[in-house]
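Using the sequences and the accompanying hints, generate a full structural model.
Spelled out, the chains give:
Protein chains: 2
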Amino acid sequence: MAMATFTVGAHSKNPTKTVVRARNFEMIIDEPRNLGGTDTGPTPVEYVLGALAGCLNVVGHVVAKEMAFELKGITFELAGELDPAKFLGESTTNRAGFQEIRVKVIPDSNASKEQLDAWLKTVESRCPVSDNLANTTPVQLTL
Amino acid sequence: MAMATFTVGAHSKNPTKTVVRARNFEMIIDEPRNLGGTDTGPTPVEYVLGALAGCLNVVGHVVAKEMAFELKGITFELAGELDPAKFLGESTTNRAGFQEIRVKVIPDSNASKEQLDAWLKTVESRCPVSDNLANTTPVQLTL
Numbered sequence: 171m172a173m174a175t176f177t178v179g180a181h182s183k184n185p186t187k188t189v190v191r192a193r194n195f196e197m198i199i200d201e202p203r204n205l206g207g208t209d210t211g212p213t214p215v216e217y218v219l220g221a222l223a224g225c226l227n228v229v230g231h232v233v234a235k236e237m238a239f240e241l242k243g244i245t246f247e248l249a250g251e252l253d254p255a256k257f258l259g260e261s262t263t264n265r266a267g268f269q270e271i272r273v274k275v276i277p278d279s280n281a282s283k284e285q286l287d288a289w290l291k292t293v294e295s296r297c298p299v300s301d302n303l304a305n306t307t308p309v310q311l312t313l
Numbered sequence: 171m172a173m174a175t176f177t178v179g180a181h182s183k184n185p186t187k188t189v190v191r192a193r194n195f196e197m198i199i200d201e202p203r204n205l206g207g208t209d210t211g212p213t214p215v216e217y218v219l220g221a222l223a224g225c226l227n228v229v230g231h232v233v234a235k236e237m238a239f240e241l242k243g244i245t246f247e248l249a250g251e252l253d254p255a256k257f258l259g260e261s262t263t264n265r266a267g268f269q270e271i272r273v274k275v276i277p278d279s280n281a282s283k284e285q286l287d288a289w290l291k292t293v294e295s296r297c298p299v300s301d302n303l304a305n306t307t308p309v310q311l312t313l
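The listed protein sequences correspond, in order, to chains Z and F.
Under the working numbering, the first residue of the first sequence is numbered 171, with each subsequent residue one higher.
Under the working numbering, the first residue of the second sequence is numbered 171, with each subsequent residue one higher.
You can take every hint at face value.
One-sided excerpt, in silico: chain Z residues whose CB lies under 8 Å from chain F:
1) 250
2) 265
3) 272
Computed far set for chain F versus chain Z, every beta-carbon distance over 10 Å:
4) 238
5) 239
6) 263
7) 280
Hints are computed from structural coordinates only; laboratory data are not their basis.
This structure is a prediction, so every number in the text was calculated from the model and none was measured.
C-beta: ideal position from N, C-alpha, C; glycine also.
Here's what the structure looks like:
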């Protein structure tokens, strides 16, 4: 199968607000007022958590179909902590991003605990977003 | 400084569409029709690229201010390739996610090439999203 290429364009509206264009869709990214922003959209790291949920949903349904159990839907609760010191340029030994990301996955299904455990393990290994977060991904920034 | 916690909630609307709630904001995530989706929003991996742009914008402005050069705005072009085979459960040795992410950063500034090179290097090291992508981030999935 051919590789799939994804591209987006983005530009700043102000120092905290970014407008992203992905095909015919737009995302508004901003920071809340207590972080100096104009609070017109989710923060970048909230988008990361959202992207992970969206990916787990798609792959979750693909894998449930393969495993032949009924999946009526999935609810997700995601959380992560980061130390803003690094981002703000203060002295810290902490990393810039989330130290870990926790995802509570609540499938609406009558499948057994054993089936769901196997399902979740497969979903994690095949989800592009969890792969890019859990493993190293080269990020090439150029001017 | 205290750690900052970010949380979002999400639920599936159908096998490809996810509605994410982040504070008072909503994200709609979906797949295009040629990937079996209902095409009501960007894909999860497009959200990852968008989140990276939004993060680089915020940190870019913080660092430009510290370096005391004028930054009128930033434009970004982002791209990545992934092999859908893994996600679809086909046989492949490729990883599930983006093999690399390329970001063209176009600052609207009169700063020198040397200043901008130093700026970009600092921005990359302090951006939470580029940190979470470029380095390993534990993702804990639980039922």
